[in-house]
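Given only the sequences and the hints, what does the whole structure look like? Please build it.
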Amino acid sequence: MTDYGSLATEPLFGLPLPTLWFALVFAILGTFLFLDGFDFGAGALFATREDESERETILAAIGPFWDGNEVWLVVFGGALFAAFPAAYANLFSRNYLLLFGVLAALILRGLAPEMYEQRHDAAWQRWWGRSFVAGSVLAPFLLGVFTANWLTGSDALLSPVGVAVGLALVALTVVSGAAFLRLKVSGPLRAAVRRPGERAVVAYLVLVVLSLGLLSLSTPRLAATVVTPPVLALVAVSVGLGVGYVAALRTGRDLLALVASGLLTYGLVAVVALLLFPLIDPGADLSVAEAIVAPLALNIMSVASALLLPLVVTYFVVLYSAFGGPVQPTESY
Amino acid sequence: MVDPVIASRVQFALTTIVHIIFPVMSMGLAPFLVYFTWKEVRGGEAVYEQLRRFWTKIFAVSFVVGTVTGIVLEFEFGTNFAAFSTFAGELFGGPLATEGMMAFMLEATFLGIFVFGRERVSDRLYFVSSLAVAAGTWLSAVWILIANSWMQLPRGYELVERGGQTVVHLTDPLAAYLNPRFMFMYVHMQNAAVESVALFMAGVAAYHIFKHYVWGYSVQEVDFWEKTLKIAIVALLITAPLQVLHGDMYARHVHETQPQKFAAMEAVWETDSYVPEYLVAFPTSLDDITNPRAKELFGLGIPGGASWLASGGDPQATIRGLNDFETEAPPVAIVFWSFRAMVGLGFWFILLAFWGGYRWWRGELLEDDLLHKALMGSSLLGILAVELGWVVTEVGRQPWVVQGVLKTADGVSPGLTGTEATITLAGFVLAYASLLALYSYVVARIIRAGPPGAEELRTFVTEADEPTAGAPGDD
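As given, the protein sequences belong to chains P and R, one line each in that order.
Numbering-wise (the working numbering), the first sequence opens with residue 1 and increments by one.
Numbering-wise (the working numbering), the second sequence opens with residue 1 and increments by one.
Source of the hints: derived by calculation from the structure; they are not laboratory data.
Any given hint could turn out to be false.
Cβ-to-Cβ under 10 Å is the rule here; a few derived chain P residues that face chain R [stated by the list, open to error]: (1) A60; (2) A89; (3) V102; (4) L311.
To give a feel for the contact side, a few chain P residues facing chain R, derived at Cβ under 7 Å [said to hold, decoys possible]: (5) G68; (6) Y88; (7) L97; (8) Q118; (9) L308; (10) L319.
Glycine residues also receive a C-beta, built at the ideal position from the N, C-alpha and C atoms.
Structure representation (structure tokens):
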């Protein structure tokens with residue numbers, strides 16, 4: 001048998017790997033919520049448009065991206081499984097029906113654009129249009145409920161705090177979806193998505209404050225952690241980003257607005273991470289230190305991720321630059 | 001309410017049985033698409049652009065359905081098999097995470113360019129995208145099979161106590177991940193995917209050719225289908241014999257490393273030498289006819305055949321019977337019959353390949369109606385053979401989820417209730433049946449619509465300001 005020396009007993013280079021992996025898991029979740037978030041948001045905004053060519057344009061706008069964006073959820077699941085197997089097993093089995101709801105929503109959303117373009121009769125497109133909207137709204141909503149359950153340790157299907165976090169997440173996807181669509185479309189559609197985006201950002205901020213209030217009422221641990229300087233600072237920054245987002249939309253700086261919505265998303269995920277730490281699964285009373293895998297497996301995964309994640313970022317840069325700028329009139333899903 | 005253990009097993013089986021269809025389609029199509037794209041960007045005949053565009057449509061649909069059904073699988077380890085995930089996560093989670101980062105990401109991003117970006121990127125980047133997509137699909141299988149091969153042949157670990165539970169502790173990653181089983185599975189699976197897609201292509205092409213020449217409909221692009229059929233036959237001539245040769249080596253490896261599974265494949269109950277290879281076998285009592293674990297078999301077989309196969313040439317070799325294992329036997333009839341059906345299909349595909357090759361060589365490829373009927377009838381049999389092979393692999397190792405270490409029933413989430421499991425199982429049956437119906441419907445529509453016509457191609461070529469390619473089918 002090979003002797004792996006200190007690789008098998010100590011974290012690589014003495015790095016605080018458990019904490020880094022905790023942060024990485026949430027960074028991956030944030031990337032998913034931002035990237036696929038604007039796809040979800042585009043799906044919600046799809047519901048507000050009646051015009052056939054506008055609907056087709058929305059589908060064409062997310063066409064090349066959504067599948068790659070959704071893979072961040074797969075990587076989130078994989079990273080959680082690899083680094084914190086016990087937390088993955090506990091969380092996922094406890095929120096059994098909820099996660100199958102998320103999966104069903106993702107199936108509806110994923111199939112819909114592909115199916116929508118297969119046939120051009122009204123009934124077929126009405127059905128798949130609805131499926132697209134329902135999947136795009138339900139997926140972030142149920143992920144929000146899951147996040148609330150993660151924080152409180154509950155396994156309720158629906159609870160006031162779950163609904164609040166779920167709606168906050170839906171609002172956030174509309175915020176980034178509006179900014180994304182403004183970059184990808186032109187004409188009346190571009191003008192029309194500004195107002196829903198602005199309303200969504202206000203709704204989001206209200207819902208975040210409401211969620212934090214409800215969370216602090218739910219468990220004593222959360223009551224203590226919600227009112228801490230880092231969390232309050234992030235909320236203040238979010239309000240600032242919200243103002244900046246509206247200003248950017250009104251002055252036509254859509255890329256800036258998209259960046260602001262991205263920062264809002266990472267900010268939200270950071271709040272969730274702060275509320276959990278040093279635990280990773282309050283429901284099973286598991287701390288990061290208890291749930292982390294043994295050093296050898298962790299070291300291998302750390303090296304693999306350090307090599308692969310920069311490559312993954314490169315793929316996304318190539319993809320997004322190949323499809324930079326607005327959707328062309330000849331392009332469809 | 002269904003028992004949560006049974007519901008979880010059925011649900012997972014259903015998820016994998018449906019899911020595997022789509023990776024087979026994408027992994028099998030990938031090398032063809034790389035070839036078509038290469039010919040297209042190198043200024044080959046217009047038929048390659050038609051081939052690329054037509055089969056990319058089917059690839060894209062398969063990929064989307066593969067993505068949505070694949071995420072379900074990854075989640076089910078946590079939702080339904082939490083005890084297994086906690087137990088084996090240290091060793092099992094890594095390959096899954098790596099699959100996501102290394103393979104799935106590569107595939108999903110470059111697929112965006114490959115499907116939507118022909119007009120947006122250079123020929124070079126477009127070809128690179130086809131390569132990246134293909135590499136992504138094939139790398140995906142690497143990591144999934146590394147994880148699966150460890151469950152078949154666990155190595156490089158020890159069992160330790162953590163948090164009051166016995167869990168797998170990774171001690172030797174090289175032994176665990178460079179598992180001898182992996183290469184057998186990988187070669188067998190990837191070759192099977194290409195073979196299945198070649199059969200599918202041949203069946204679809206034969207359908208259009210038959211429709212044109214026999215039924216007398218005017219099929220627009222009949223040359224395109226002739227080209228498709230020829231490419232499929234070449235692929236079949238390579239993959240079909242390889243699959244059987246390689247399968248024989250794989251079976252010997254199973255005999256060495258998972259004797260209980262091998263005994264189930266051959267329905268050997270008592271340890272014996274000079275064991276016959278049964279071609280068919282039935283319970284002698286009618287009461288046992290529906291019992292997959294029935295013992296009293298009436299069989300017709302080749303004397304010494306199973307011993308000969310197990311040992312690689314010695315008809316006297318001993319095979320350990322199922323009664324000599326401490327754990328209960330897997331459902332023998334399912335494993336026995338799946339194995340036979342798979343092997344039978346494997347030989348049938350070789351026959352088809354040589355039949356098609358012979359007709360082509362004689363210049364009669366378009367004239368043999370019986371061949372076309374056989375190809376049409378066999379278009380989905382490759383996928384069926386893959387399913388049967390996985391049934392042998394996965395049902396054959398029951399009751400174990402990790403061979404000899406953890407039983408499947410002990411891997412199910414302890415907190416899962418019968419109500420929850422029943423709700424999702426019912427939802428699954430409904431959702432996956434609709435998903436399959438929808439997928440078949442869409443693929444059938446794409447097939448009926450056929451490739452883009454020559455008019456469409458020329459428009460594209462002038463727009464992109466490239467030299468005008470010839471009309472399709474001018475070879």
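We went through each hint and held it up to the structure:
1. A60: With Cβ-Cβ at 8 Å, under 10 Å, it holds.
2. A89: Since chain R brings a Cβ to about 4 Å from A89 (chain P), closer than 10 Å, the hint holds.
3. V102: Constraint on V102 (chain P) satisfied, holds at 8 Å.
4. L311: Holds, about 8 Å.
5. G68: Holds. Min distance 4 Å.
6. Y88: Hint holds; Y88 (chain P) Cβ to chain R Cβ min 5 Å, cut 7 Å.
7. L97: holds (6 Å)
8. Q118: Result: holds, 6 Å to nearest chain R Cβ.
9. L308: Hint on L308 (chain P): holds, closest Cβ of chain R at ~4 Å, below 7 Å.
10. L319: Nearest chain R Cβ about 5 Å off; hint holds.
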